[in-house]
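**Student:** Chains as they are written, first to last, in full-length UniProt numbering: chain A, 1 to 423; chain B, 1 to 999.
In case anyone wonders, no lab produced these hints; they're calculated from the structure.
Treat the numbers as computed from the prediction; the structure is a model and nothing was measured.
Just to be clear, a hint being listed does not mean it is correct.
[Stated by the list, open to error] Listed below are the simulated BS3-like cross-link pairs for lysine-lysine, each with C-alpha atoms no more than 25 Å apart in a straight line: (1) B:Lys261 <-> A:Lys291; (2) B:Lys327 <-> B:Lys310; (3) A:Lys314 <-> B:Lys59; (4) B:Lys310 <-> A:Lys403; (5) B:Lys333 <-> B:Lys889; (6) A:Lys291 <-> B:Lys513; (7) A:Lys403 <-> B:Lys949; (8) B:Lys59 <-> B:Lys388; (9) B:Lys889 <-> A:Lys403; (10) A:Lys29 <-> A:Lys9; (11) A:Lys9 <-> B:Lys627; (12) B:Lys132 <-> B:Lys481; (13) B:Lys260 <-> B:Lys316; (14) B:Lys261 <-> B:Lys83; (15) A:Lys9 <-> B:Lys628; (16) B:Lys279 <-> B:Lys355; (17) B:Lys333 <-> B:Lys59.
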Amino acid sequence: MLVLLSCRKGEIPNLNNPTTSGIVINTSKSSLNNLATGAESGMRRDVTAYLDAVGIIGREIYRFSGSEPRYTTDLLGGGTKELDNNSFYLTNPWASRYLVVRQCFILLQAAAASKFITDAERKGYTGFAKTIIGYQLLLNLNMTNTNGIRIPNSDPTYIGAVIKDPVQARDTILKFLQEGADDLSGASVIFPLSEGFAGFSNAAGLRKFNRAIAARVFLYNQKWANALTALNESFFDLNGSLTAGVYHYFSTGGGDMANPLFMAPGSTGDMRLLHPGYATDIIPGDTRINKAPVRPVPGSQSGLSSNREVWIWKSLNDPVNIIRNEELILIYAEAKAQLSSLPDAIVAVNRIRTAYNLPAYAGAVTTAGLIGEILYQRRYSLLGEGHRWVDLRRYDRLGTLPKDRPDDDVWPQFPLPQNEVNI
Amino acid sequence: MLLPRLTFLVLLLLCGTMLYAQQTITGKTQDSNTGRPIPGVTVRIPNSNRGTVTGADGKFSIILPNTAASTTLIFSSTGYKTKTVTANANAGPLTVSLEENLSVMDEVVVTGMATSVKRRNLANAVATISSKQLSGVAPAQTFDAALSGKIPGALITANSGAPGGGISVKLRGITSVFGNSQPLYVVDGIFFNNNSIPAGLNDVTAAATAGNPNNQDNPSSRIADLNPADIENIEILKGASAAALYGAKAAAGVIIITTKKGKNGKTSISVNQETGIVKARHLLGVRSFTPETAADLAGPSSSADPDVIKARAWYKYKFEQARATGKIFDYEKEMYGETGIISNTSIALSGGAEKTTFYLSGNRRKEDGIIKNTGYLNNSVRLNVDHKVNDRISVSVTTNYINSSADRGLTNNDNNGVSYGVALSSTPGWIDLYPNAVGVYPRDSFAASNPLETRDKMTNNETTNRFVGGGNINAILAQSKTSTTKIVLRGGVDYFNFRTTALFPREIQFEEKGMEGHSIQSNSNNLNTNLAGFLINIFNPGKNLTLTSTLGATYETGNFDNISTTATNITSGQSNLDQSGSTTVRQFRQQFRDNGIFLQEDLTLLEDITISGGVRFDRSTNNGDYKKYYVYPKASFSWNLAQRFLANVSAIDFIKIRAAYGQSGNIPPYGSKFTSLIPSNINTLPGLLNDNLRGNPDILPERQAELETGLDFGLFNNRIRLEATYYNKKINDLLLRRALNASSGYSSEWKNSGDLRNTGIELGLTTVPLTMKNLRWTATLNWWKNKAIVTKLTIPPFAIGAFGNSLGTYYLEEGQPATQIKGISGGALQLLGNSEPKFQMSFFNEFTICRNFSLQFLLHWKNGGQNINLTQLLTDAGATSFDYDEEYKGTKLGAYRVSAGDAAIYVQDAAYVRLREVALYYNVPLRNTNYIKGIRVGVSANNFFTWTKYVGYDPEVSNFGSNTMTTTQSRGSNGISSGVDVMPFPASKRASFHLGVNF
């Protein structure tokens, strides 16, 4: 018996996956690349939940689902007194963004210790990681706003204070972005990125992407001049393609993730429809109405209905926007308008207007007039991309959002998730 | 010295010659009350190895060991008083009348891993279920379902009604939250794997992608493979105080199953056929529409939107047209209203000679589900052989091959609107979903899928090929008048291949413009082995003292390998994985090695005091420290007072006080010590992404300490027997997959972080109210309750599912019931319920009328315990609830419920009273038959009547299953989140006709 018991010995290792503690020890180039790819891939997780939640509260879309009534109850405020701090629409995207942040810290740790790479190559990894950290934190802050975010560090057991002042939180995000940009300045990028980063996959390209995100954050912090500076270092191009930019890559290829935002036209049961206000408020002739074609049969659930469906992601292989030139042009316009460079702002606004078959801007040539115009353009240019709610909140105009049913609410922000409160 | 040796030699020679002069005694046994023959009586010649068993006709024959024509014979049988008779071979056939024994005190109960005690000396309340109680009344679909209502202290819940089972068995409350919460099944000494392996349906349903990351595939549990007809006896060790010697696998209790063994004598053949029907227990009903309410599905009548006004008119027209043409359908009935046919055939041969006996059985169970294209088929063969090598050594071998196949449909939660129930929940009856003349199914304009089409075209099959076999060697090493030393060696192998096939052709509604077909196929190979050796010494210097010492060692291994492939964009009409546009492969493996050493001493004094003590050392590769032995002690005491103090009080047959204490552990799940980087590819680049579950290299097993005390007594010749038990079961170092602040990058973490306490009472009253020649009534009343409290939590409280606070969730919190349900009600998170029943009660009755009729029924009452009824939520949201249009607070009830923002509405009482089993059997009296020894016919009904206020298919339900395994990509079930009702496979009821013939 004793002979038998001693016949096999030793620990049984992790048979399925590498472990985090193992990979950070003298990491090889290929492992570093796997981690970088994981970070890019991970950014796609719950991107749907984020865009749906933000789009529903911002009255851009309706999300009707036979299996999930909370899109039409909780998120539109129907009956509820508060937004649940422990439901999927908050907890899933929140956790996924921080998961990627953790991934980036692991990548930073692994890159710092690796003996197989040059310093320039190291900077490629770290610059990328810090840029992604900044971007991911921004998305969570967009949800919770004055309820705040925590800033993690390389120690996963560290629980930092909740930064409740969004300006201060964004300053921290800007710091990550700045460090990332600095690293990328002298970097050599040896890791591959998906086609979503086409044109931005070297150090210079990633730095442009970094500065584009920074421009958005500066804008949110009302640092108009900084926003313009960042734009200049980004891929902003007033006359360039509106769709140029960085995307989440999706594909039906083996082992990959198919675009979860795709819904076939005319689909029933599960629908992502246009909030009717979008069609009502649009200027006649604006071709952006084509982002939401008319359905054969209107969709309806819980006393809500819409006859147009959101048609932005047209196949399971379509990419999802992270940041693109159209937004940068509008950032430029807004910063210029705020800095009272009204003619510059009008040029940018007209760049967008003409692209969509609208006549040149003929409204009041004032900052206020232009801000109103820019918010309109942002609403229609960036439909479904997670902006409207944030924009109206920035300008304290959430009160202008319609309530479709008497008991509905327009939530100003999400609560801090339960598991961040129960510490 | 010479003389004795010579004597020995002479005796030996004489023996040789005497073989030819052996004599035979024949006879039969009968019930002293009814005069009916008693099969299965053991006939034994004392102080020898000779024995036999009576056949189906009660007859026996036994060869005497020496020339003497007369001998003493001992007749013993469960349920009868043992009788000693002096018989003479020359006196002709013997008739022995046995008196019924209402006491069960002489029943032998297996308590150690290799030792047993008589029930009179037992310190624990060990529930025993005989083959008659298990499958003899009204058979359930699977063996585990047949336990419902029969075990005091157990909460047994069917996860769904899908063919092939899926049952949660929780003994004495909550044993573990994230560790193993289900008992260990030991079949003839072989550890029988009871994993539930998901079929990968999540790729289609996306059920685990939003509200709850736990798998919701509704897989079957592997214990269902076992053929109930092969089971002789089941003993249930409910907690550590009884099961400590099983060490770190016994925390959730041990269910010890003994299969039938061959009996020496004439070969008996028994053939049994069950034919019956299966139907849904309850259907919810559907909403009756009017032209106005049909129009409301397009938007409110107040809407000024011209499109809404147009759509309202269109719906109204559609409804009126459907009504005019009689095309208003009840799709619930269409989907769940099938009547399935049950056919269960078994044949068993049993026989053997003095040295070798065998039991050979074959069984085929086939039944259709209550949904078209669902069903279950189980074929099994068993061969059990017992062989006596000589007077000292005996060997037994059990083998079992099982082939089972379950077609389980597509039910439970999903986030794509594709499962039957979710699609039905938003589909009104006035649209036509039936295929046209050329077989094209219309699109369901109210759901993402046409459930009729999905049902008719999809496949969700689980096929198991399984071999379970083991051997046992018993050898007496030394024997003297006062001491016997023996060695027991045992080994077992449980191998299965489990194959799942989920096919969704490209043309069905939700596939045609999406992934264009799915073929999800997985193969799992699992091998479990267990080896054990025991050295046992029984020291018996006199009647008043028996000391049994056991030294044992055990070794178990497990090796699981699952490879699954999901293919999409499937070539039309094909299902092979390579007939596709894209494939994704996953693999998940797990292995463990556990070993333990134990020592146990059992002392019996004066036949009525038993003191027992033992200790076990256990280690496992799943522990953080795989080399460390954890120590689990046990001790017990029982004293039968009647003989000593109340010997002259004739009304009292026995009165026993007992106490038992024991510890056991619960090994952390495989992989809990690792923080993994899981595959996450993009654009053909291989990526590694940190898992959101943080491992813990220091993870410890949970430690359970259980104290059980009890008082048992029997009165009036044992016509009244009471067994009363109180237990206190504490779990320390609770293994939790606790929620972390997600800002750390991890959503959860393995941590030993709390204590839990279960206290409970179990009462069992068995009476024989009537015993007359033509009518006999026995009744057993069980009452039990459990209270599980989280006594300590070293981490912040956290929600562990179902789907967030706004829909009600289980919530672990210090000082609160472990199974409490909290949710947002009145704008704040508050206590809404508790899934734990207030108490349960079962009432079993058996009437024997005019000798040959037997009527039996089992009533089961579960009082209290709430469910989270999200089936109702979804039908409300889809505006199809049967009571949607009732007036409530100035609005429609269904519309009110879904939009009230009050989780309390859907946390509902799931109490029920159920007639679990009722059966009437008739033994056909036979005269002068040479071949047929017995014919039995009967009718039975299983789960036929339920009284409940719960508005759902059944109050027994669990969207998350009970022992679904955790893999790299999916989280398994936990020990608490049962009772979440999300569009399950509706539960069924059964009625059968039985015919049994013995040859």
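**Student:** Assess, step by step, whether the Cα of Lys132 (chain B) is no farther than 25 Å from the Cα of Lys481 (chain B), and give holds or violated.
**Tutor:** violated, 38 Å
**Student:** Mind checking the alpha carbons of Lys9 (chain A) and Lys627 (chain B) for me, to see if they're no more than 25 Å apart?
**Tutor:** Cα-Cα ~10 Å, so holds.
**Student:** Sort out whether Lys59 (chain B) lies within 25 Å of Lys333 (chain B), counting only the CA atoms.
**Tutor:** violated, 53 Å
**Student:** Is Lys260 (chain B) close enough to Lys316 (chain B), meaning Cα to Cα at most 25 Å?
**Tutor:** Measuring from Cα to Cα gives roughly 65 Å; hence the hint is violated.
**Student:** Tell me if the straight-line CA distance from Lys9 (chain A) to Lys628 (chain B) falls inside 25 Å.
**Tutor:** Distance of about 13 Å is within 25 Å: holds.
**Student:** For the pair we were handed, Lys261 (chain B) and Lys83 (chain B), check the Cα-Cα distance against 25 Å.
**Tutor:** holds, 23 Å
**Student:** Are the Cα atoms of Lys889 (chain B) and Lys403 (chain A) separated by 25 Å or less?
**Tutor:** holds, 22 Å
**Student:** Just to be careful, I want the Cα atoms of Lys261 (chain B) and Lys291 (chain A) compared with a cutoff of 25 Å; is the pair within it?
**Tutor:** Violated, because 74 Å separates the two Cα atoms, which is more than 25 Å.
**Student:** Next pair to validate is Lys327 (chain B) with Lys310 (chain B); report whether the Cα-Cα distance is within 25 Å.
**Tutor:** Status holds; Cα separation ~23 Å.
**Student:** Within a Cα-Cα threshold of 25 Å, do Lys59 (chain B) and Lys388 (chain B) meet the stated pairing?
**Tutor:** holds, 23 Å
**Student:** Need the status of pair Lys403 (chain A), Lys949 (chain B): alpha-carbon distance at most 25 Å?
**Tutor:** Outside the cut-off at roughly 38 Å; violated.
**Student:** Quickly compare the C-alpha distance for Lys314 (chain A) and Lys59 (chain B) to 25 Å and report which way the hint goes.
**Tutor:** violated, 80 Å
Hint check: violations occur at hints 1, 3, 5, 7, 10, 12, 13, 16 and 17; the rest are consistent with the structure.
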